[in-house]
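**Student:** Residue numbers (the numbering used here), protein chains in the order written: chain A, 1 to 438; chain B, 1 to 438.
FYI, nobody ran anything at the bench for these hints, they're computed from the structure.
Any given hint could turn out to be false.
It does not matter which identical chain is meant; a pair holds if it fits inside one copy or across any two.
Straight-line alpha carbon distances no greater than 27 Å define the calculated DSS-like cross-link-like pairs of lysine-lysine that follow [to be verified]:
(1) K125 x K324
(2) K98 x K404
(3) K90 x K411
(4) K155 x K125
(5) K155 x K90
(6) K98 x K59
(7) K59 x K404
Protein chains: 2
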Amino acid sequence: MTDVSITRLSASTADFDVALSKLLAWDDSVDHQVNESVRHILHQVRTRGDEAVLEFTAKFDQVNAGSVSGLEVSRERLQQALETIPAEQKAALETAAKRVRDYHQRQLQSSWQYEEADGTVLGQKVTPLDRAGLYVPGGKAAYPSSVLMNAIPAKVAGVAEVIMVVPTPGGVVNDMVLAAAAIAGVDRVFTIGGAQAVAALAYGTDTIPSVDKIVGPGNIYVATAKREVFGVVGIDMIAGPSEILVICDGETDPDWIAMDLFSQAEHDEQAQSILVSPSADYLDQVEASIRRLLPTMERADIIAASLNSRAALIEVADLSEAAKVSNRIAPEHLELSVADPESLVAEIRHAGAIFLGRYTAEALGDYCAGPNHVLPTSGTARFSSPLGVYDFQKRSSIIGFSAKGASDMGKVASVLARGEGLTAHARSAEYRIEDGAE
Amino acid sequence: MTDVSITRLSASTADFDVALSKLLAWDDSVDHQVNESVRHILHQVRTRGDEAVLEFTAKFDQVNAGSVSGLEVSRERLQQALETIPAEQKAALETAAKRVRDYHQRQLQSSWQYEEADGTVLGQKVTPLDRAGLYVPGGKAAYPSSVLMNAIPAKVAGVAEVIMVVPTPGGVVNDMVLAAAAIAGVDRVFTIGGAQAVAALAYGTDTIPSVDKIVGPGNIYVATAKREVFGVVGIDMIAGPSEILVICDGETDPDWIAMDLFSQAEHDEQAQSILVSPSADYLDQVEASIRRLLPTMERADIIAASLNSRAALIEVADLSEAAKVSNRIAPEHLELSVADPESLVAEIRHAGAIFLGRYTAEALGDYCAGPNHVLPTSGTARFSSPLGVYDFQKRSSIIGFSAKGASDMGKVASVLARGEGLTAHARSAEYRIEDGAE
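Bound-form chain A, shown alone (with noise of 0.2 Å):
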């Protein structure tokens, strides 16, 4: 069933407000049997280690192997995958990933340092993570191209240990991931997934090394449990479903505006698209169009049922209240389909990625445009940044006294310390006052 209609709305009717929050909002309510479940595996596997991993594993994957051991995927089958998929697949792959290296080295943060009068140095030292661990979703949807997105930025960081998992339900290993854990450099790959999977990573077993960060996109369970594990490690963010906010000046094909809004909509029913114009006359071409190519869709299901429930055609007076409908929504994909994009951008605030002009369209920035394809969803743009580099470094404050600046300092902190009650601090920066204060 493929019969789509679609919400139109008109940012100048007076309940416009109302009715843009009503189709944002977006239930993500805990689901307590989950959460029991997830508790479960996570105790298991914490307390009982490699053991409790073997058997999550026989019983959600359907894979029985002797230990973990055997779980693990040698260097040898990444590379002999590399070489076995089709020619034109791993020309694609290196490609991508070496435009997504290349983009992302320019995100290495360095440390710095500098010398003030009295001989204090005061600056941050960059260093990166020490290991860094990889969820790929395994079975149906299997992406290479999340293997690229997350592990290169984690290699460009210089972790010196990237530990990927991917479950093979019923033993289905995908030759396209393996191959792209060994394009990005990839150290370790064990093929486990779920919640037994993030537990492991965090807390480590005799077999899997307990890693600093966990990132990766994953399910109901593997989000749940990389929310739980969060301060025994560190996690990337966990995503909503996904979205694309087009804003068009009504002068593209509108094909190819409905061809990029299937292309978020097919991910899932829950994906959101989003079409913004001046052109009320542009708003029914391009529903014409979805209409038309709907059904040559192979994932027209899914695409109907993402764009009845929760796409919305939308109209405004002119690109500046285009853009600040976007501001409102702060989109984890933005297309700007105008004729002069550069201009319009300065009026963005928040989105997670901002593709310029007609032909940029979003699908090339999901493979290989070189950017990170990990994006905050459901509006987190107002706060949050695409994965990238600085994901996989942190920084250590580096504070270096002279004995002139710590008895000069030390003034001015005994004075502060003392304001707050907290006279061990006090004391702490008076022994260095040079006059023997105290």
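Put chain B on the given structure of chain A with help from the hints.
**Tutor:** Below, chain B without anything else, positioned relative to chain A:
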């Protein structure tokens, strides 16, 4: 009761790792009663807004106001506080603020962009958050330094509106806190606290605008509320008890080191102070200083409780082994009280802040060194960083393909998208291939 009995460990013993793990273990298990109570408060404020804020403020702080506007502190009142506090305190706050501002200005990140040979443009646009909320604890533990450390990075980042909340139990206002708000450039102040203040900042009410990120320390109710609203807004880290690790070569005045350990221990009974030295004799000297100085401390009871339950004096073979122990702990504060701290710092991989040399008391970093005093605790320095300007900026990827670039990369994206079974992605990219492949 100020008797102390401090744990002694030696890195050379077989059970050292186990003993160290036990010492570091920290019970952060969730209190279900607190959870329920916080969820109730969040729900009430989310649905009933100002009215609920007034009710909870009356109930928990014994402050009855006719309206939430009545709980706002005017700019004039902040300025008045600044003129009211002792001149010495005002000067100390201003000196500290200037140093914090100078240091943090070096953390500002800028947008960047580059163009490829075919005219394709890639980059990252860096923008400040629109609005940040700053929680400041009230009552006994009122910390003006915390106002400076949280508000200044936000203002340096360019956050247009910093909204501070501070409870005033029984109507007691701390002028030094208000003075710090005036100096830091806080835009609006409301005298509310607890989970109700976190809820108001996250969801907004008729009077209090919603913010994009909430930072600042608080009790278990505040911490739990922040954890709950994470996703609706950004939050800073959820801090555990404060910790210090001192590495000393045995040549620093033992009284100084004893006082440095006290300055952590006086925070609360769960705070952790650890001294590591290659000299067992020096550990004895510091322990003697501790016994002699403890009775002279205003907060001797808290210090004794903290030292008895969580402190340790650890003997190591040499400074390199001390660095290894430190990397294992990933301390919040690390003092390198040694002759050549610069060479030792090269061996340090994880720490919130590193204090170089005998003069650099950790307490200086708490107030006026310049770097932030909000630091990762409980070993999270393995993957996280001090609070900084970067926490109040976010990034948007910029992708602008030329016609040629879109055509070339459309071919790559098409192969990968089809490999992943995402044909709308593939067709969206293929539309932009110049020879009209579709």
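**Student:** Next step is simple, just say for each hint if it's right about the structure.
**Tutor:** To see whether the hints hold, each was checked on the structure:
1. K125 x K324: between (39 Å within a copy, 17 Å between copies)
2. K98 x K404: between (51 Å within a copy, 18 Å between copies)
3. K90 x K411: For K90 and K411, only the inter-copy Cα distance (13 Å) is at most 27 Å; the intra-copy one is 64 Å.
4. K155 x K125: both (19 Å within a copy, 23 Å between copies)
5. K155 x K90: within (20 Å within a copy, 48 Å between copies)
6. K98 x K59: Neither way: K98 and K59 sit 39 Å apart in one copy and 60 Å across, limit 27 Å.
7. K59 x K404: Close neither inside one copy (66 Å) nor across copies (50 Å); limit 27 Å.
The structure fails to meet hints 6, 7 from the earlier list, while all remaining hints are met.
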